[in-house]
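Colleague: Build the full structure now, drawing on both the sequences and the hints.
Residue 195 in the working numbering sits at position 195 of the sequence shown, with consecutive numbering throughout.
These are calculated hints, taken from the structure and not from any lab test.
Computed from a predicted structure; not experimentally measured.
For every residue, glycine included, the Cβ atom is placed at its ideal position computed from N, Cα and C.
There is no bait here: all hints are sound.
Under the rule of at most 25 Å between Cα atoms (straight-line distance), these lysine-lysine pairs were calculated in the BS3-like manner:
#	residue 1	residue 2
1	K391	K338
2	K218	K338
3	K179	K303
Quick list of the computed label-pair ranges, beta carbon to beta carbon:
#	residue 1	residue 2	range
4	E323	S92	49 to 55 Å
5	P114	A362	46 to 52 Å
6	K278	G368	19 to 25 Å
7	E330	K278	15 to 21 Å
8	E96	V73	17 to 23 Å
9	C93	H271	48 to 54 Å
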Amino acid sequence: MRKLFIITASLFLGLAVNAQEAIFDARPLVSPEINSDGTITFRYRNPSAKAVQVIGDFLPTKEIDTPRGKAEVTVPGEMQKDSAGVWVFTTSCKVESGMYTYRFSVDGSLTIDPSNMFVNRDVATLSSALIVSGGIGDLFKVQEVPHGTVSRVWYPSKASGFSRRMTVYTPAGYENSSKTRYPVLYLLHGAGGDEEAWITQGRASQIMDNLIAQGKAKPMIVVMTNGYQSLEAAPGENAQGYDVPSFRVPGGMAGAFESAFPEIIDYVDSHYRTIAKKESRAICGLSMGGFHSLFISLNYPDKFNYVGLFSAAVGVGHDNKSEIYQNMDEKLSAFFSKKPALYWIGIGKTDFLYKSNEEFRAKLDAAGYPYAYYESEGGHIWRNWRDYLSKFAPQLFK
Numbered sequence: 001m002r003k004l005f006i007i008t009a010s011l012f013l014g015l016a017v018n019a020q021e022a023i024f025d026a027r028p029l030v031s032p033e034i035n036s037d038g039t040i041t042f043r044y045r046n047p048s049a050k051a052v053q054v055i056g057d058f059l060p061t062k063e064i065d066t067p068r069g070k071a072e073v074t075v076p077g078e079m080q081k082d083s084a085g086v087w088v089f090t091t092s093c094k095v096e097s098g099m100y101t102y103r104f105s106v107d108g109s110l111t112i113d114p115s116n117m118f119v120n121r122d123v124a125t126l127s128s129a130l131i132v133s134g135g136i137g138d139l140f141k142v143q144e145v146p147h148g149t150v151s152r153v154w155y156p157s158k159a160s161g162f163s164r165r166m167t168v169y170t171p172a173g174y175e176n177s178s179k180t181r182y183p184v185l186y187l188l189h190g191a192g193g194d195e196e197a198w199i200t201q202g203r204a205s206q207i208m209d210n211l212i213a214q215g216k217a218k219p220m221i222v223v224m225t226n227g228y229q230s231l232e233a234a235p236g237e238n239a240q241g242y243d244v245p246s247f248r249v250p251g252g253m254a255g256a257f258e259s260a261f262p263e264i265i266d267y268v269d270s271h272y273r274t275i276a277k278k279e280s281r282a283i284c285g286l287s288m289g290g291f292h293s294l295f296i297s298l299n300y301p302d303k304f305n306y307v308g309l310f311s312a313a314v315g316v317g318h319d320n321k322s323e324i325y326q327n328m329d330e331k332l333s334a335f336f337s338k339k340p341a342l343y344w345i346g347i348g349k350t351d352f353l354y355k356s357n358e359e360f361r362a363k364l365d366a367a368g369y370p371y372a373y374y375e376s377e378g379g380h381i382w383r384n385w386r387d388y389l390s391k392f393a394p395q396l397f398k
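Modeller: Encoded structure:
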């Protein structure tokens, strides 16, 4: 018995020593470190590694040939190992203000930065995150301004036969008033995403807080839905538990979500103080969410006065047999005959959907339909979509 006590005590002592080492480590590894000249240094301790690279959306890119045509890929930053076994990389030039994600490639295996506690999930990929201040990056930070409220809301879906979850942002002051009514922006995610995507990766609540506080955007309710009608909610937040997120969720572009969208509008209008009319509704989305925004607005032309297509997957799914995707030309004519206040299209110059967006714009041009167009650098990335939201939202509900 005494021997067992000694072994147990030794184990606890060992745990306590390890905990103290973690707390009182005199040499914590700083990574990332934003330097005074605007460059960024990354560090990773692994003396036994043979080769370590940093891969992030702040690094230069190059075009490569793939079976699907040309694609833009990031040029990895080669890290160098110092005498203490720490791998180090510093960007060659100043990194512009913004929010960025990155990972380390350690002997070919990808991992997050263990020294950076800020991690984002995009579908099934975990990446370390950082924000560079002094420009648009300030929009993505929590500032000392009045803050809105972010709620996870379950609503009954007759179309699905079960309750589904969405994320709702209400602007600062919403809870302090019982009379003020607000316009609504429906903000949709891309393939493999969910109702968490725009809040985590997209920084939607910070963008809206800061734009509203600066007087650049009207106070509005923002509704972020789950675009897969067959799912209850994001992975880990539904009855399936910790299922693995996937791009290949069935039914994302089969018409079910678009067909059922009016029940979301009805729920929001009946449970929030909205201005329940076309002039006070907007819809936008990225990639698959842009595809959804396109066809929801076309099939319900009396519902939305503002439409935003962010790197939209236009030209995809039109052969689907769903009535939602049929008679596109007639539906475009009907929609634009209602004279929407804003039809906004944003795409990156190296986005793999650039050509299909170009063809869609040619269709609009041929018919004389008015739209606003914004072309950015870069490809199919969150860095662009956050930027698009920050440019689209200030133009709403004027």
